Structures are given as structure tokens and as C-alpha cells.
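> Residues per chain are reported as follows:
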Amino acid sequence: MWRVLGSSPSADKTWKVFWCRGRGQNISRVMPREMGPDGAPGQVVPWRKVLWEHQPFPDNYVDRRFLEELRRNEGIRQYRYWAVVKEAGFVGQQLSSVAIFITLWLYMEQGLLSPERLLLTCLLSTLLGYGLHQTLTPLTKSGCELRTRLADLQSATIFLSFTFGFSPVLKTLTESVSTDTVYAMSAVMLLAHLVSFPYAHPSPPGSLSLNAALFASVCLASRLPGALHTFAMLSCALLVFALWPCLLQRLREYAPNQFTGLCVAVCVGGVVGLASQSPGGAVLLALALGTVTLFCPLLLVRLQRHKDNIHGPWDEAEIHEELGHILHS
Amino acid sequence: MVLRIFFPQCCNQADSGLLVGHWMPGHDSAVVLAVIHYPFIPGQVKQYLQQMRSQSGVELSVLGSWSIPKEGQEHMESFLRDLSTIFPQDCWLQLSRTIGKMGFNCHVIYQDLNGSTTSCKAAKKNGKIKGCDRESGEDNEEELGDEEKMILIHYEQRKVMQSQLHPIEVPDTDPPSELREVFQTVARSRPLFFLDRYDDGPLKSTHWQSQGREASIIVELLKQASVPLCLLISWLLSKWTRICNFSLFNLYPLRFLSSKLSTCDQWSYRTEHMRTLSSVKPAAGHTPFMRKANILVSLLVDVALGVLLMSWLYRDNRISIIANALLPAADHVAKELEELLQWLMGAPAGLKMNRALDQVLGRFFLYHIHLWISYIHLMSPFIETILWYGGLSACLGITFALSLLSDMVALLTFHIYCFYVYGARLYCLKIYGLSSLWRLFRGKKWNVLRQRVDSCSYDLDQLFIGTLLFTILLFLLPTTALYYLVFTLLRLVVVMFQGVLHLSVDIINSFPLFAVGLRVCQPYQLAEGVKFRVLCEEPGTALHLLMEINPLKCSAVVQRYRVPTYSCYPKDSWAALVKKLFVGELIYPWRHKTTKSD
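Going line by line, the protein sequences match chains G and Y.
Under our numbering, the first residue of the first sequence is numbered 7, with each subsequent residue one higher.
Under our numbering, the first residue of the second sequence is numbered 131, with each subsequent residue one higher.
Since the hints were derived computationally from the structure, they do not count as laboratory data.
For clarity, every value in this text was computed on a predicted model and none was experimentally measured.
Among the hints, a few may not be true.
Which chain G residues face chain Y? A few, computed with CB under 7 Å, are given here [stated by the list, open to error]:
hint, residue
1, 161
2, 164
3, 172
4, 178
5, 179
6, 213
7, 214
8, 216
9, 217
10, 221
11, 248
For every residue, glycine included, the Cβ atom is placed at its ideal position computed from N, Cα and C.
Let's have the full structure, built from the sequences with the hints guiding it.
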């Protein structure tokens with residue numbers, strides 16, 4: 007086994023790399039005196055690890071103290087299983103929110119859910135969520151810019167008016183595009199939403215993830231029978247993909263216990279909702295949720311034992327484009 | 131050291147006399163220009179040469195003697211040698227011919243300052259100098275080696291005098307080549323050739339015009355007649371310019387309109403040409419002369435073609451036939467366009483278009499065609515009159531007729547242009563909107579100050595509206611693009627037709643017909659160089675070469691003498707054109723591009 011131990015810049019700007027065989031104990035045997043190419047002339051002058059001084063040693067000389075500074079796994083955090091599961095709950099609930107959205111769309115498409123009822127539900131949950139958000143927002147939080155109620159109202163007006171105004175246009179937008187194409191596009195976009203979602207800091211939602219989700223919801227909403235359906239669906243999409251992660255982030259910060267419960271509730275809701283439309287999809291969703299929230303954290307904790315990072319007083323050799331040059335010379 | 135003597139062919143048979151010519155400094159060569167015959171009075175010869183020198187600016191001198199032996203003229207040797215003392219020269223040539231032999235006998239006599247002479251008989255045999263006898267020249271034997279050679283180069287004086295060696299402009303830093311000096315010397319010694327045998331003067335000489343001057347009475351009369359004509363034309367031009375500068379014509383809409391009409395362009399171009407032609411001063415130098423001649427010839431050809439066209443057009447009532455055919459043709463085009471729009475409003479080529487936008491665009495364009503047809507029908511009673519008066523413009527030249535045709539095509543296809551502009555603007559808007567919204571989609575923005583794409587955090591409402599618009603634009607793009615594509619193709623057809631017309635007008639305007647005609651009829655006048663042919667290589671005589679003129683290549687003639695016009699060739703490369711088409715920028719006929727882009 008060859009390892010790169012160190013390197014030093016020599017005069018002609020090429021990096022000389024020290025290669026030593028074996029692990030630590032072998033190194034200590036190889037190390038003394040004949041470490042440098044010419045050997046050290048005499049041990050009278052103590053060697054210092056500086057390059058600005060003239061010393062009777064070659065540039066690439068190191069003495070036996072070299073490995074004393076070796077450190078392993080510096081600054082490691084020991085994960086505990088349930089803490090990781092709790093954090094992974096956010097990923098699970100996002101997956102589940104997408105499932106809920108799809109379920110709602112399926113209901114709308116089959117006419118099982120009237121747009122008025124969906125709008126009413128959305129309105130109520132928005133008001134509820136807004137109230138919760140406002141209560142959770144600390145009044146003493148200074149330095150961070152606080153959105154006023156007026157700005158919120160303005161944003162809401164813009165959303166509603168634009169969506170309402172464009173919904174007839176959106177309704178006819180994908181008329182001539184085949185249904186399969188629309189489904190494929192939506193699926194890809196929702197996947198892109200899930201992949202690019204900023205799970206660590208979801209509170210302003212990431213541009214790409216939100217845009218992808220909105221694109222997918224516009225595609226899906228244009229398949230619905232009426233303009234009001236489209237409007238309701240888009241409002242719902244705005245709620246699920248834009249506002250809900252913000253509220254959840256607040257909850258995670260200020261009420262961790264309720265956050266866990268909410269995550270579990272959303273996950274269960276997503277599975278149950280999907281089960282009412284397609285049992286196979288529900289099973290798949292449940293499997294995915296189990297994998298993400300239970301199995302992956304287990305894997306992480308297990309594999310952490312094998313972590314072995316070494317740090318030392320050397321520069322790590324990076325060999326990229328000059329590889330051919332080094333091999334030939 | 132080789133002595134080169136350029137000898138005119140017309141003096142081959144001349145009577146004995148003195149060789150008049152020019153020693154070229156720097157080169158060991160002399161140009162013989164004429165032979166002055168016996169008998170003469172040396173003083174008169176000197177006076178005549180002095181006069182010629184001042185007239186032509188060439189350092190003319192007596193180079194030597196020329197003798198053709200006749201009966202009763204033996205024992206010339208001493209007489210000829212005496213001549214060299216009358217006309218003192220460093221180097222005295224003695225050329226003579228013997229009956230029955232082609233080659234000349236050449237003697238060179240070098241005269242030192244102290245008066246001692248050395249003569250050298252040049253005779254060539256198998257590449258070696260044989261006989262070279264010297265007289266009383268013990269002190270400068272070393273200077274004259276055995277390699278003293280002489281080459282006689284025969285040239286045709288008429289051709290050399292009339293020809294212009296190319297390239298015309300040579301950098302001043304280089305000393306002129308020997309050949310160029312020969313050509314210049316012959317061309318500048320024109321006064322020497324005015325003396326012909328009908329003159330009553332005391333001297334008789336032989337050169338290319340010694341049998342009488344070459345000139346044409348018609349040309350001379352035309353030259354005389356052209357002066358009042360030029361005056362008249364320039365007076366008319368000045369009046370016309372004053373009318374043009376009248377402030378009413380410089381108002382914005384008229385000026386804009388005239389800059390767009392190719393007839394006006396052609397008119398101003400022709401005015402400029404007439405101004406060049408009508409200057410009373412004769413052209414100075416070869417290039418202005420050729421330019422004037424080219425313009426004149428193309429003008430004449432243009433007018434001749436135009437008159438031909440007119441004679442065809444105004445016979446057999448053709449104007450009314452054309453006018454009657456024009457209206458059904460316009461109707462037909464409109465009908466075809468309507469059908470095309472109906473096709474586009476369906477599902478063209480199985481493409482999935484947005485039905486609502488498709489209908490809107492289709493109806494808009496249909497209404498436009500309707501408007502257009504009404505306009506044409508409104509115009510229909512006047513079309514024949516317009517054509518009749520427009521046809522009259524052909525008497526000014528076929529280029530005017532073609533420019534008028536181009537303008538009429540532009541006016542008749544104005545609806546296609548409008549369609550194209552609408553389609554292009556819509557498409558351009560979509561492309562720009564999509565490109566900037568795509569950046570928003572990815573959470574980026576264009577930084578204007580640094581000219582690069584930066585990442586940016588948008589607000590929620592910005593993102594929402596941006597995505598909404600992006601989706602709409604994306605799904606509507608194919609419809610717009612299809613309309614744009616179809617109308618761009620139509621527009622390109624019209625532009626190509628107009629481009630062909632403009633190109634032909636430009637060719638007629640700028641093609642150097644005079645120079646090409648000169649090249650075909652008198653190829654020696656435009657010389658690119660010379661070639662030498664061995665004339666005779668008899669033993670005992672000098673080497674005789676014949677100098678022939680290499681004419682300039684035809685492509686070089688066209689390139690050199692093209693009359694410069696405003697460039698109507700496409701400024702952009704094809705790739706730039708395709709890129710413009712792709713982005714949706716407007717394209718114009720090639721002519722207006724220079725004025726459009728600053």
C-alpha cells in the first residue's frame with residue numbers, strides 16, 4: 007500500500023511527492039537519516055521545518071518528528087440514531103407533501119373534489135398557518151428584516167390576481183400537447199424539486215426547487231377540466247411548495263417536539279391519501295419513507311465507525327492535469 | 131558587364147544616321163528612340179535635342195551612329211569615328227547592318243576624359259567573346275575584361291509607348307526597375323515622335339510615327355465637341371444640386387423615404403458619375419482616365435440597354451398587358467397566402483400548436499391580407515399609368531428601370547414585409563423573455579455591470595410570476611416560431627429577388643467595360659510584364675532578343691479597374707445572418723445594411 011506522505015515545492019515549481027510504503031510503524035523505520043535523497047551531512051545543527059533559512063539539509067528532508075503531528079478524525083461528531091431519524095423526517099415529509107399534492111390533483115381530475123372546497127380548505131389552512139407563523143416569530147428578533155403584514159397582503163394579492171388572471175390561459179396552454187408528455191414533464195420536474203430542495207435551510211425556498219415544482223403544477227393544473235380548477239390547484243401548489251416549508255422550518259426552530267409529530271402526521275397522511283387512490287403507489291411511498299427516515303440513518307450511524315481521516319503537517323498531493331507530464335518525466 | 135541596348139523595330143530599315151536615345155543611369159542600358167538621318171548640321175541636332183529635352187523631361191542624347199552600307203559609301207570608318215568627337219559621350223555606339231545578314235554589328239567606343247578611346251567589338255560565338263580589338267588603350271586595359279557583352283533588345287515602339295505597366299503604384303522607396311524606366315522613357319519622349327517626314331525642318335528622323343502621325347479625325351472632333359457638352363451638363367448638374375438642396379426635400383419623411391428607395395440611390399449615384407464625367411479638365415494620369423472611360427462606356431451601354439428595353443416595352447401594347455396581368459397575380463399571391471394561413475391555423479405538418487394563439491395570429495394576418503387586397507384594388511385603375519411613366523425611366527438607363535422594378539416589388543410585397551416584422555418582433559420578444567426567465571428559473575440573473583451571470587435570491591412572488599410566465603412562453607413558443615419561420619421564408623424570397631436586382635444594377639454600374647474591351651482589342655495597352663524571345667543568334671554578332679508585352683490577366687483587369695460603388699454585398703457572414711434569423715432580429719435587403727448599422 008502506497009500513501010502520499012508529503013510534498014514540497016522545489017525550485018522548478020513542480021511538486022515532488024514523497025511516497026512511503028506501509029502504515030505508521032513502517033514509516034518510523036524508514037524515516038531516520040536516509041529520508042532525504044542525499045542523507046544529512048551531520049546532525050550538529052538541529053533541523054527546523056522552515057524554508058527561509060539556509061540549512062545543511064536538502065529541501066525535502068524531514069526528521070523523525072514528522073509523524074508526531076498526525077491526527078485522526080479531527081472534529082468528528084458522533085451521530086445518535088434517533089436524532090438523525092428526526093432530522094431525516096423533513097425529507098420524508100417533503101416526499102409525502104408531493105404525494106399529497108398528487109393525491110389532491112387526482113381527486114380534482116376525477117371530479118371527486120370540487121375546486122370551491124379545495125379553495126376554502128386552502129384559505130382556512132393558510133390563515134391558520136399564517137397565525138401560527140406569526141405567533142412563532144419572536145418579536146425580539148432584531149437585525150433580521152421583518153416582513154410587515156402589508157407586504158404579506160401585497161404578495162398574497164399578487165399571487166391570487168396573477169393566478170386568477172392567467173388561469174384561463176394556463177387552462178388552454180397544454181391542450182395540444184399529449185397527456186403522456188405532460189405527465190413525464192411533471193414527474194421530471196417534481197423529482198427535480200425533491201432533489202434540489204434545500205433541506206437544511208428551507209426558509210426562503212430554493213429557486214430551482216420552487217420553480218420546478220411550480221412548473222410541474224402548472225403542467226398538471228392545465229389538464230384539469232375548468233379554469234377554476236386550475237386556479238384552485240395552483241393556489242394549493244403555492245401553499246404546499248412555497249408556504250408550508252417556511253412554516254415547518256419555524257416549527258423546527260422553536261417547537262421541535264411538535265415538529266416531529268407534524269412530520270409523522272404528514273407522512274401518514276400522504277400514505278393514507280395515496281392509498282385511497284392507488285394502493286400500489288401507497289406501498290411504494292411507504293417503502294420510500296421507511297428507507298429515507300429509518301434505514302438511511304441506520305446506515306449512516308453504522309458506517310461512521312469506519313471513518314478514518316488523517317490530518318498532518320503536509321499538503322495533500324493533488325495530481326490532475328500534469329499526470330501525464332509526471333509519468334513521462 | 132553586359133550592355134543592353136533597347137532598339138526600336140521600326141528603325142531596322144532606317145537610313146544611316148545618328149542614334150538618339152537615353153542612357154539609363156544605374157543600369158548598363160540604353161534606349162534608342164529615333165534615328166536622325168544624314169545630312170545634318172551638328173549644331174541644329176544639338177539645338178533640336180535641347181528643345182526635346184526641355185519638352186519631354188527626358189535626358190536625350192546622341193548615343194552613337196547607325197549605318198546601313200550603300201553603294202558609294204565606303205570608308206565610313208573614319209567619318210563615324212569623327213562623329214564621336216562632335217557629340218562627346220562616355221560611350222559611343224556604332225551599330226551597322228550588312229546586307230544579307232540579320233544581326234547587327236556593334237562597336238562600343240569608350241572615351242576617357244583624357245581623350246583616349248577604346249573600342250570593343252561585340253561578337254558572340256558559343257557563349258564566348260571572340261574578337262575584341264583595342265586601339266591606343268594601354269592605360270585602361272584592366273577595366274575592359276573579356277566578358278564585355280552586348281544584348282540588343284528589339285522592342286515595338288508603338289506598343290511600348292501606349293502600354294501601361296502594372297502594378298501602377300509602386301512604393302517610392304524602391305528604385306524603379308529597368309523595365310519600368312524603359313517604358314517611362316519611351317512614353318515620355320512623345321514630343322520626339324511628332325517629327326515626321328512631311329515636316330519641312332532641317333532634320334529628318336525615323337521612329338514609329340515617321341510615316342505620318344496616327345490620329346483619328348473623329349476622335350479629335352469629339353474631343354472638341356465634348357467641351358461645350360461638358361459645360362452644359364455641369365451647368366444642369368449644378369441647377370439639379372440646388373434643387374436637391376432645397377430645404378423642403380430635406381424634411382424628415384422625404385429624406386427617410388428617399389434613403390429607402392433604390393431608385394433614389396441610383397439617381398444620386400448617376401449624378402455623381404455625371405459630375406465626374408462633366409469636368410472639363412482632361413484626366414490627369416492613367417487611373418483617372420481609365421475611371422472616366424469606364425464610367426462613360428458603362429453609361430452608354432446602360433442607356434443602350436435601357437432604350438432596347440423601352441423599344442420592347444412600348445411596342446404591341448405590352449404595358450397594358452403587364453398591368454392587366456399584375457392585378458390577378460397580386461390576387462393570386464394573396465389567395466395563396468390565405469391558404470397558407472388557413473393551413474397554419476389548422477395543425478400544420480402535424481405540429482402541436484396552441485390553438486387559441488394560432489387562431490388569434492391567423493385572424494390577424496388574414497385581416498391584414500384583406501386590407502392589402504383592398505389597397506391593390508383601389509390602386510388598379512392607376513397601375514397602367516404608373517407603369518407607362520415608370521417605363522420612361524428606362525431611357526435613363528436599364529439600371530433605373532431595374533431599381534424602379536426593385537422598388538415596385540418592395541411596395542407590392544409590403545404585406546409580406548409587415549407579416550415578417552410582426553412575426554420577428556413577437557419571436558424576438560419570446561426568445562429574450564425565455565432566456566431571461568430561464569435564468570430566473572435557475573435562480574440566476576444577468577449582471578449588467580460585470581457582463582456575466584450571477585446567482586441571485588429572488589422573492590417568492592418574483593419566482594412565482596416568473597415561473598408562470600416562463601411556462602406560458604415556453605408552451606406558446608412553437609406557435610410563434612412556426613409563424614415566424616413561414617413569414618421569414620417568404621421575406622427571404624423577396625429579399626433574394628431584390629438582392630439579385632441590386633446585384634445586377636451594381637454590376638452594370640461598376641463593371642469596367644472599357645478596360646475589358648481594351649484588354650480584348652489591344653492587349654498590349656495593359657501590360658503586366660514582358661517576355662523575351664531569342665531573335666537571332668548568329669556567330670559573330672551580338673545576342674538579339676525580341677521584347678513582347680505580357681497582357682494583364684482579365685480577372686486582374688476587372689479587379690483593378692472596378693468602379694468603386696457603395697457596397698451592396700452582404701456585410702455579415704452567412705453565420706451572422708443565420709444567427710440574426712435565429713434570434714429574430716430584422717434583416718433588410720443588403721443595400722440598406724450599411725446605413726442601418728452604425
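> Taking the hints in turn, state whether each one holds.
Hints, one by one, checked against the model:
{"no.": "1", "hint": "161", "in the structure": "holds, 5 Å"}
{"no.": "2", "hint": "164", "in the structure": "holds, 5 Å"}
{"no.": "3", "hint": "172", "in the structure": "holds, 6 Å"}
{"no.": "4", "hint": "178", "in the structure": "holds, 5 Å"}
{"no.": "5", "hint": "179", "in the structure": "holds, 5 Å"}
{"no.": "6", "hint": "213", "in the structure": "holds, 3 Å"}
{"no.": "7", "hint": "214", "in the structure": "holds, 6 Å"}
{"no.": "8", "hint": "216", "in the structure": "holds, 5 Å"}
{"no.": "9", "hint": "217", "in the structure": "holds, 5 Å"}
{"no.": "10", "hint": "221", "in the structure": "holds, 6 Å"}
{"no.": "11", "hint": "248", "in the structure": "holds, 6 Å"}
Checked against the numbered hints listed earlier, the structure breaks none of them; every hint is satisfied.
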